[in-house]
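Student: Could you build the full structure based on these sequences and the hints that come with them?
Heads up: the sequence lines are chains A and B, in that order.
Just so we're aligned, residue 1 is where the first sequence starts under the working numbering, counting upward by one.
Just so we're aligned, residue 1 is where the second sequence starts under the working numbering, counting upward by one.
Since the hints were made in silico from the structure, they are not lab data.
Incorrect hints may appear among the rest.
As the list claims (entries may be wrong) - Pairs of lysine-lysine, DSS-like flavour, derived with a Cα cap of 30 Å:
1) B:LYS92 with A:LYS65
2) A:LYS69 with A:LYS57
3) B:LYS92 with A:LYS71
Claimed, not checked - Taking beta-carbon pairs under 7 Å as the criterion, some of the chain A residues facing chain B (in silico):
4) GLY16
5) GLY42
6) LEU43
7) GLN45
8) GLY58
9) PRO61
10) PHE90
11) SER96
12) GLU99
13) PHE102
Yeah, the Cβ is synthetic: ideal placement off N, Cα and C, and Gly gets one too.
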Amino acid sequence: EAQVTQNPRYLITVTGKKLTVTCSQNMNHEYMSWYRQDPGLGLRQIYYSMNVEVTDKGDVPEGYKVSRKEKRNFPLILESPSPNQTSLYFCAAGLSSYEQYFGPGTRLTVT
Amino acid sequence: GQNIDQPTEMTATEGAIVQINCTYQTSGFNGLFWYQQHAGEAPTFLSYNVLDGLEEKGRFSSFLSRSKGYSYLLLKELQMKDSASYLCAVRKAAGNKLTFGGGTRVLVKP
Numbered sequence: 001e002a003q004v005t006q007n008p009r010y011l012i013t014v015t016g017k018k019l020t021v022t023c024s025q026n027m028n029h030e031y032m033s034w035y036r037q038d039p040g041l042g043l044r045q046i047y048y049s050m051n052v053e054v055t056d057k058g059d060v061p062e063g064y065k066v067s068r069k070e071k072r073n074f075p076l077i078l079e080s081p082s083p084n085q086t087s088l089y090f091c092a093a094g095l096s097s098y099e100q101y102f103g104p105g106t107r108l109t110v111t
Numbered sequence: 001g002q003n004i005d006q007p008t009e010m011t012a013t014e015g016a017i018v019q020i021n022c023t024y025q026t027s028g029f030n031g032l033f034w035y036q037q038h039a040g041e042a043p044t045f046l047s048y049n050v051l052d053g054l055e056e057k058g059r060f061s062s063f064l065s066r067s068k069g070y071s072y073l074l075l076k077e078l079q080m081k082d083s084a085s086y087l088c089a090v091r092k093a094a095g096n097k098l099t100f101g102g103g104t105r106v107l108v109k110p
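Tutor: The structure is reproduced here in structure tokens:
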């Protein structure tokens, strides 16, 4: 079964404490992407990756880092989280951006 | 940049038809997508249009006019389970960056 997994699903943290949200896919897809979803703003793309070692900025990359060292994993790193990064985060994977499979989401609260 | 506009909310009756419009302005265009998202869940892919015209998939159809920067998603024979948000997204010509609209919440009433 095609699957995208994210961990953790829920996280409450404090300002400035580095965190990583993991994303893994079992479909051998080249394309992976991170989004954040906020009320009234919809889904906004943070970063995407076309393949291993290839990453590009989306619309809202500030304050985030990503890495793609292997095809199946695409972690999202917040080096110094701030309250404005409180959001619902989705990871997605696909053969391209054409048809993406989304993970279940990670709800992050930064106090 | 890209501007993508869609209505915030629509209400329709079970068994009826609803049309969700999406207009966009972009400096380059390489496809328009529709996703469905039930409350508390992840988005799921519905349709993709890159050429003008209508794409039909069962009860759902999506239309694109590139010259007008316009698309719609048509939901026929509405069912209660169709109550969800519908997200329009545009892919730019260069690369695979996707920009989403704010989403349209559809409420289906009995």
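Student: Would you mind marking each hint as holding or not holding in the structure?
Tutor: Structure-based check of all given hints:
{"no.": "1", "hint": "B:LYS92 with A:LYS65", "in the structure": "holds (22 Å)"}
{"no.": "2", "hint": "A:LYS69 with A:LYS57", "in the structure": "holds (17 Å)"}
{"no.": "3", "hint": "B:LYS92 with A:LYS71", "in the structure": "holds (24 Å)"}
{"no.": "4", "hint": "GLY16", "in the structure": "violated (29 Å)"}
{"no.": "5", "hint": "GLY42", "in the structure": "holds (4 Å)"}
{"no.": "6", "hint": "LEU43", "in the structure": "holds (4 Å)"}
{"no.": "7", "hint": "GLN45", "in the structure": "holds (6 Å)"}
{"no.": "8", "hint": "GLY58", "in the structure": "holds (6 Å)"}
{"no.": "9", "hint": "PRO61", "in the structure": "violated (11 Å)"}
{"no.": "10", "hint": "PHE90", "in the structure": "holds (6 Å)"}
{"no.": "11", "hint": "SER96", "in the structure": "holds (6 Å)"}
{"no.": "12", "hint": "GLU99", "in the structure": "holds (5 Å)"}
{"no.": "13", "hint": "PHE102", "in the structure": "holds (4 Å)"}
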